[in-house]
Amino acid sequence: MEYLLLQILNGVQLGLLMFLLAAGLTLTFGIMDLVNLAHGSLYMMGAYIAWTLIAWTDSFVMGALLTLPATFLLGVVVERVVARRLYARDHLDQVLATFGLILFFNELVRVIWGPAGKSIAVPKFLAHTIEIMPGAPYPAYRFAIILVGAAVALLLAWLVTRTRVGMLIRAGASNRRMIAALGVNIELLFSLVFGLGAVFAALAGLMAAPLTSVKIGMGDDILILTFVIIVIGGIGSIKGAFVAAMLVGQIDIIGRAFLPDMLKTFLSPSAAASAAPSISQVLVYVLMAGVLIWRPTGLFGQKN
Amino acid sequence: MKIKLFGPATIAAAATLAMVSLPVMAQSPIKIGFVTTLSGSQAAIGEDMRRSADLAKEHLGGKMGGKPFEIIYEDDTFKPDVGKQKSEKLVQQDKVNFITGYIWSNVLLASLKTVTDEGDTILVSANAGPSQIAGDLCNKNFFSTSWQNDQTPMAMGEYLQKKGVKSLYLMAPNYAAGKDMMAGVKRTFKGQIAGEDYTKWPDQLDFSAELAKIRAAKPEGVFIFYPGAHGVQFLTQYSQAGLKGQIPLYQVFSVDAITLPQQKDLALGILGAQEWVNDLPNDQNKRFVADFKKKHGTYPSFYGAQSYDAIMLMASAAEALKGDLSSKDKVRAEMKKANFKSVRGDFKFGNNNFPIENFYIQDTVKDAAGMLTLKTVATAMTAAVDPYASKCPMK
Numbered sequence: 060m061e062y063l064l065l066q067i068l069n070g071v072q073l074g075l076l077m078f079l080l081a082a083g084l085t086l087t088f089g090i091m092d093l094v095n096l097a098h099g100s101l102y103m104m105g106a107y108i109a110w111t112l113i114a115w116t117d118s119f120v121m122g123a124l125l126t127l128p129a130t131f132l133l134g135v136v137v138e139r140v141v142a143r144r145l146y147a148r149d150h151l152d153q154v155l156a157t158f159g160l161i162l163f164f165n166e167l168v169r170v171i172w173g174p175a176g177k178s179i180a181v182p183k184f185l186a187h188t189i190e191i192m193p194g195a196p197y198p199a200y201r202f203a204i205i206l207v208g209a210a211v212a213l214l215l216a217w218l219v220t221r222t223r224v225g226m227l228i229r230a231g232a233s234n235r236r237m238i239a240a241l242g243v244n245i246e247l248l249f250s251l252v253f254g255l256g257a258v259f260a261a262l263a264g265l266m267a268a269p270l271t272s273v274k275i276g277m278g279d280d281i282l283i284l285t286f287v288i289i290v291i292g293g294i295g296s297i298k299g300a301f302v303a304a305m306l307v308g309q310i311d312i313i314g315r316a317f318l319p320d321m322l323k324t325f326l327s328p329s330a331a332a333s334a335a336p337s338i339s340q341v342l343v344y345v346l347m348a349g350v351l352i353w354r355p356t357g358l359f360g361q362k363n
Numbered sequence: 086m087k088i089k090l091f092g093p094a095t096i097a098a099a100a101t102l103a104m105v106s107l108p109v110m111a112q113s114p115i116k117i118g119f120v121t122t123l124s125g126s127q128a129a130i131g132e133d134m135r136r137s138a139d140l141a142k143e144h145l146g147g148k149m150g151g152k153p154f155e156i157i158y159e160d161d162t163f164k165p166d167v168g169k170q171k172s173e174k175l176v177q178q179d180k181v182n183f184i185t186g187y188i189w190s191n192v193l194l195a196s197l198k199t200v201t202d203e204g205d206t207i208l209v210s211a212n213a214g215p216s217q218i219a220g221d222l223c224n225k226n227f228f229s230t231s232w233q234n235d236q237t238p239m240a241m242g243e244y245l246q247k248k249g250v251k252s253l254y255l256m257a258p259n260y261a262a263g264k265d266m267m268a269g270v271k272r273t274f275k276g277q278i279a280g281e282d283y284t285k286w287p288d289q290l291d292f293s294a295e296l297a298k299i300r301a302a303k304p305e306g307v308f309i310f311y312p313g314a315h316g317v318q319f320l321t322q323y324s325q326a327g328l329k330g331q332i333p334l335y336q337v338f339s340v341d342a343i344t345l346p347q348q349k350d351l352a353l354g355i356l357g358a359q360e361w362v363n364d365l366p367n368d369q370n371k372r373f374v375a376d377f378k379k380k381h382g383t384y385p386s387f388y389g390a391q392s393y394d395a396i397m398l399m400a401s402a403a404e405a406l407k408g409d410l411s412s413k414d415k416v417r418a419e420m421k422k423a424n425f426k427s428v429r430g431d432f433k434f435g436n437n438n439f440p441i442e443n444f445y446i447q448d449t450v451k452d453a454a455g456m457l458t459l460k461t462v463a464t465a466m467t468a469a470v471d472p473y474a475s476k477c478p479m480k
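Protein sequences, first through last, are from chains A and B.
Each residue of the first sequence is one higher than the last, beginning at 60 in the numbering used here.
Each residue of the second sequence is one higher than the last, beginning at 86 in the numbering used here.
Hints were generated in silico from the structure; no laboratory data involved.
The beta carbon of each residue, even a glycine, is placed where N, CA and C say it ideally should be.
Which chain A residues stay away from chain B? Per the calculated CB distances, all over 10 Å, these:
#: 1; residue: Arg148
#: 2; residue: Leu151
#: 3; residue: Pro193
#: 4; residue: Ala210
#: 5; residue: Met226
#: 6; residue: Leu306
#: 7; residue: Leu351
With a Cα cut of at most 30 Å, we get these calculated DSSO-like pairs of lysine-lysine:
#: 8; chain 1: B; residue 1: Lys152; chain 2: B; residue 2: Lys421
#: 9; chain 1: A; residue 1: Lys177; chain 2: B; residue 2: Lys349
#: 10; chain 1: A; residue 1: Lys177; chain 2: B; residue 2: Lys380
#: 11; chain 1: A; residue 1: Lys323; chain 2: B; residue 2: Lys275
#: 12; chain 1: B; residue 1: Lys285; chain 2: A; residue 2: Lys323
#: 13; chain 1: B; residue 1: Lys164; chain 2: A; residue 2: Lys177
#: 14; chain 1: B; residue 1: Lys329; chain 2: A; residue 2: Lys323
#: 15; chain 1: B; residue 1: Lys433; chain 2: B; residue 2: Lys407
#: 16; chain 1: B; residue 1: Lys271; chain 2: A; residue 2: Lys323
#: 17; chain 1: A; residue 1: Lys177; chain 2: B; residue 2: Lys451
#: 18; chain 1: A; residue 1: Lys183; chain 2: B; residue 2: Lys329
Extracted from the complex, chain B is given alone in its bound form (with noise of 0.2 Å):
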């Protein structure tokens, strides 16, 4: 009964799925894989990716030299070890041909071997810039457009050297990219480091014990790195404890266009440091900007911006192959080529396949309309090589 039932069936359906299969296989979509957060408190940073990632793959009309693509969303839950797995089913299963996305430095460290030495598929991260994959850690399937973690607070404590200020607070998450942001500043900021604390990452987010601390160290400017959700916090609580306008507040990645709707005016005055800003005078910014705005009615981040970029870069890599993305090492060479136009402006490819980049100083202010948005007010360095570059043995 059992041959009489699965037999025949079994023989059919292995026939049928053979037919139909070849001819799918000859115009295969490109595939991208993006492991994002998109869900918990900082579910708002993943959206704001993917829907720069839409945006980019809509600016393109859905095709990469000539072939269609398509992007897969995964959602690593804010944890290493499940970003670790979304990384291995969409290397594995999926087969993407490339891998994007990677807030978090701790899920991006967890992912790395497993999709760029087992899968050898090329990941570019589209924020995470952990100082060990920069340096002796560097690797042929890795790109990346954004940054290493040290150069934005690098750019920030320089800025704070030339402006004069003598002593200086620095707060950061216990986390790969907390260590590395907190090494940054103090590369370039040569005054008094009048202390520094670590908290717990990522459940902390009371923080009333170090706020104290900082009361009583009186320090002429805080350093603080808390992203997304604990921005939110760290300034409403900075504010709560009276030290708002007391001690200037100077920060990374702690107020940007997805936080600004919860931080309203108590971001307002405070700089900070980035490689892009939304008002960056070239076109490619201009009609990313506001084609985002059109569609969401808010301002895109940086976050977004670097999504956007990472789908850009690769559709150029395809676009000099014509679709053909069979060969690894060329498709290597294409991207090092770094031939597209980034919303950032200039951009080329470091030997680690860091970018070398401009930093600006932004500052929070209200546009035209009311709404709160972040302006450039200074160039804090150009074209800038991150530290661990020559570490790499990459050429």
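If we strip away everything but chain A, and leave its shape as in the complex, we get (with noise of 0.2 Å):
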């Protein structure tokens, strides 16, 4: 009983890190129609934003709060160089800018802080494990990237649905040309959209730095994953984002904590263990195909 809360909570705080991903980019897919590969440059930027930070101030809190506004204008200076232009053109034309992007970001990293990678350690007070039940200790940091991400995955369904801007980002999302005729500002509008998702993506990066560590690249492997929690949820929704990720989440973790477990009652234990591994990353895939199947344009998605 206890195994299987820890697992689920490790689910739900690997989904809710990549809920924030997904957050940024769905929106920018749905509203502006970019094809955004750049998406994981930004998480690796607010994880090396972050380490610089945290070192100068000398606290994590307060280097992770800088770390927002910073990538905040990143963000927008990237849309405004780069992305703006990319609007118009086809999705191969984004995809070969966004991708010029990535090489871009990841040799501005080996310039500025050098090829090694860093690490940012744990914050001190959360430095421990809390019992979430007698006899099950999870740890305090853990546990605190899921109620961050919880109150963030709050605060944006709030700014969606209640807030005017929402309004506009919701309708963006359904029918772009029909708000830019009916004479909403749409570059401010893009613009702030996009700082939005790059501010989610840092986040991410910044609060998965201290498990695993800074290094060039590391928002590449993770992109993949996004673009698949985004194509499961439906390309611009918050809401599918959201449920993709979680399910994404649970997923990898069921793939890891259990499927040896049930392979092992018709496989040798050696063949279970290598085997697991390989068949929870098809999972994802698999759960993705079936979802394409049953519902093409994703399980939120808007039917065009």
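With the hints in hand, could you dock these two chains into one complex?
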């Protein structure tokens, strides 16, 4: 029972991190119709900028809070300088240009921070475990990720469903041309959405940093999974991104935690242990394929 | 016009080249290719190897068998395909006499054929020791100054068996070396295997699901193989999950001179197995460790020690042949004699060109200056031969 709870929490924590990444990506894809491969680079930049600011302020919380406006600015600059020129182009041009951005950011990091990678320590006040249930200790830092992730998800839900900006974002996601025709300042809206996406990506990057490590190309690995999430959830849908991220998070953990035991019932222990990680990686894509057959626009996607 | 412009110029250039290149050929230096990881999250390992190989060069006075030699470093970027490409370049373009380095088993396996078969070039692995090359696929052009992957975990398993540990949980990444390591520890540890997990390599750095399984399985010990940056992550998360101090951790290749500065006190008291430790009491080792420390302010790692030995092994062959490396057969014969002073003490090759050597148990301690380092606490195996040697048809 405790074991199951711990694994579910692990899945929730992973899902929330991926939701933060997917939220920005699904908005830029849905509203601006931009395939932004460089979204993973913003995740990486968030972690590196946080590393610098944490060292500078000597406080994890201060450094993290300062990272958010810094990456918002970075997002706006990327939008104004590069992304804006791509909206009218077709997806292939966008893939090419944003792939170029990945190379640019990776090289930029190498020049500024060096090739070796950095590590961010877990803040002192979270470097312990808390008892979720008697006999089920859980790392406080991971629990903090869940709280922050859930808070951001709620904030985003409020922003999208209850505010004027959110109304415009939703309108943009369902019909871009219409809101431009209605006289909405679409350039400003695009900058804002892109900047917001960058902030969420950076938040995910900086929160993941103490668990993994800050390194060049850290966003490239997770980017593919993020695309899978927005495709499952439906492009442009925040709700879809959330549901899909949670599903993918749980599937990943189930694959790692329970699959080896299930396989062991009919395979040798060693074979089961080595097959499980490969199969759990595939499960996510099986889910995506299933969803696409059942609902080609994703779980919460707009039907065209 | 074209003929006027290019004709004489080309002829002149060709003539000059021919004149210049002839004397150069006569005293051309011995070339050593070195494939390692010099960028990305595992770059620190490659840097340590480079420092140690450069130190070997310095100790040799820059010469082998009376000839100057150069080491050409190439970055495999931690990827098998890139490693193969770089090996190809070293063999075909630079025409190196020896090639060495290779941290990763998958990089080595990808590069092996290009170097040893197509290129007929002698390869000295300074780290990776996949089981395939020790057994059926053993190769006259392949030598190792490290170990076969199974051996170090076998030493750890043997120690735990003797210590009376009853159950063990095993974790390693899902690639060639990870599989060998798991197989190795199971060869000698006969207690209960409480569970075993392979994790995705190299991108899985989050071990939350596996750590929860360890907690539920309640083993008497946890055995891990997480080299380099992954070892740092594992120890951090092991401690975050509150398992440190509850279940003892035993490791191979996961705590070393490179990872210690980041693992800090989390590594204290964690036992590991290794064929070389910085405090081994032979003169060659004392000189290597002291000079390395003087130069870089840190202890060398076992990756470094193996790289240092690789250069010294090549030098011993070049010395015996007075710098004439034209006959590959003679070079191989001289290499096989292993007529050099290894930093690990006694060193000789088995039939499959893997070393027959001792393995030690090491503990993590603080030295007199308060710097974290490793200390030999026991000898786990003496003159150990790897378990695949009998499958190798070479004599």
